[in-house]
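Single-letter residue listing:
2 protein chains.
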Amino acid sequence: MLHNLLKNENIVLASRSPRRAFLLEQVGMQFEQIPSHIEENLNGMQPDDFVLHCSNKKAEEIQKSHTDSLIIGADTIVVLNNEIIGKPQNDEDAFQILKKLSGKCHEVLTGVSILFHDLQLSDIAKTKVFFKLISDEDIKEYISTGEPMDKAGAYGIQGYGSQFIDKIEGCYFNVMGFPIPLFYEMCRKFKSE
Amino acid sequence: MLHNLLKNENIVLASRSPRRAFLLEQVGMQFEQIPSHIEENLNGMQPDDFVLHCSNKKAEEIQKSHTDSLIIGADTIVVLNNEIIGKPQNDEDAFQILKKLSGKCHEVLTGVSILFHDLQLSDIAKTKVFFKLISDEDIKEYISTGEPMDKAGAYGIQGYGSQFIDKIEGCYFNVMGFPIPLFYEMCRKFKSE
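As you go down the protein sequences, you meet chains A and B in turn. Oh and the first sequence: position 52 is 289 in this note's numbering, straight run, nothing missing. Oh and the second sequence: position 58 is 295 in this note's numbering, straight run, nothing missing.
Isolated chain A (complex conformation) (with noise of 0.2 Å):
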């Protein structure tokens, strides 16, 4: 498991999320939590090559003064027909991506990307949420309780937003933020290498 597989590793998670520490930290592993600061500029990118690019640049930026250790990137991202949910602006931006989800099918896209010396692995995972239809009044409510502002679709699926959520299809984790079973089958790939 990968607190035993890891732990002669210096790691590092290039990301500024509580929600990926507390994960890590949930199946016992010990990193150190340097945010990276990248540009997230989609430039016509497809979801897929987006989100490998943001978990690249940001594990890549926090190699350059960590190079001994073992970096771990992450960039999650919702995408709704192809098109990719960003964190709201404000109140009325995340009402606005809310009454979009409602009563639909979108996909969570979380790119992992683990670097060590020259050695790079990077995956994506892919998971199906389905939302209820959500009333404008419990939209409202939701704003008010400041849970989505910082988070991909104005959403987090581990709070007051689980109430709004019918099924998943895919890694719970990875809705989170941090796919952990693709982690390990990365890391694991990565030990054997």
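Hints are computed from structural coordinates only; laboratory data are not their basis. Possibly wrong hints are sitting among the right ones.
Each pair may be met inside one copy or between any two copies, as identical chains are not told apart.
To be verified - Each computed DSS-like pair below joins lysine-lysine, with the alpha-carbon atoms no more than 27 Å apart:
| no. | residue 1 | residue 2 |
| --- | --- | --- |
| 1 | K404 | K337 |
| 2 | K294 | K369 |
| 3 | K341 | K404 |
| 4 | K428 | K365 |
| 5 | K294 | K337 |
Note that the structure is predicted; figures quoted are calculated from it, not measured.
Fit chain B to the supplied structure of chain A, relying on the hints for placement.
Using the frame of chain A, we list chain B on its own:
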């Protein structure tokens, strides 16, 4: 949303599960937690009947001493090929259970019961959980974390166990022990009656 819908109720969660309490706290609910002590005796019942029987019994027991409260009962079971898999008795039992689940899809069922005076509502959430193939070494490492022992199916989806889950289909919170989205629907129905 739940925290507004139920804000005037005196709520008792008839369960000792810290995970159920956590999930209800996460959606802003206020409640008292009182474990109920029922005999979970299968008596040849089918999984659906059994899980509803248990959630009803738990709620009914607590209602006797809390006649003016809204009582929430819940029971979660793991089902593989129509066989109910309970909590492991010891490490060896946990090993056998996890060997059985490895590489296969099982179902997690949670029965939810709401009692308030003579009103009674109950329903079941079902989620498919697809396990990866797990090596004996990983099973042993997992058992040594102590996580399997108090959990139906000998795993917890939210901790070290997350590494074993290939994907799920349905409600994640159900697998954690309490299907929040179903509960919200039941509460809206309850409020409209």
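Consistency of the hints with the structure:
In the homo-oligomer, the alpha carbons of K404 and K337 lie at most 27 Å apart both inside one protomer (17 Å) and across protomers (26 Å), since each shortest distance falls under that limit. For a Cα distance limit of 27 Å, the shortest separation of K294 from K369 qualifies neither inside one copy, at 35 Å, nor across copies, at 30 Å. Taking identical chains as interchangeable, the C-alpha atoms of K341 and K404 lie at most 27 Å apart whether they share a chain (11 Å) or sit on different chains (20 Å). Proximity of K428 and K365 under a CA criterion of 27 Å is satisfied in neither setting, with 30 Å inside one chain copy and 31 Å between copies.
Taking the closest pair of Cα atoms, K294 and K337 never come within 27 Å of each other, the shortest separation being 30 Å inside a single copy and 41 Å across copies.
The earlier numbered hints that this structure contradicts are 2, 4 and 5.
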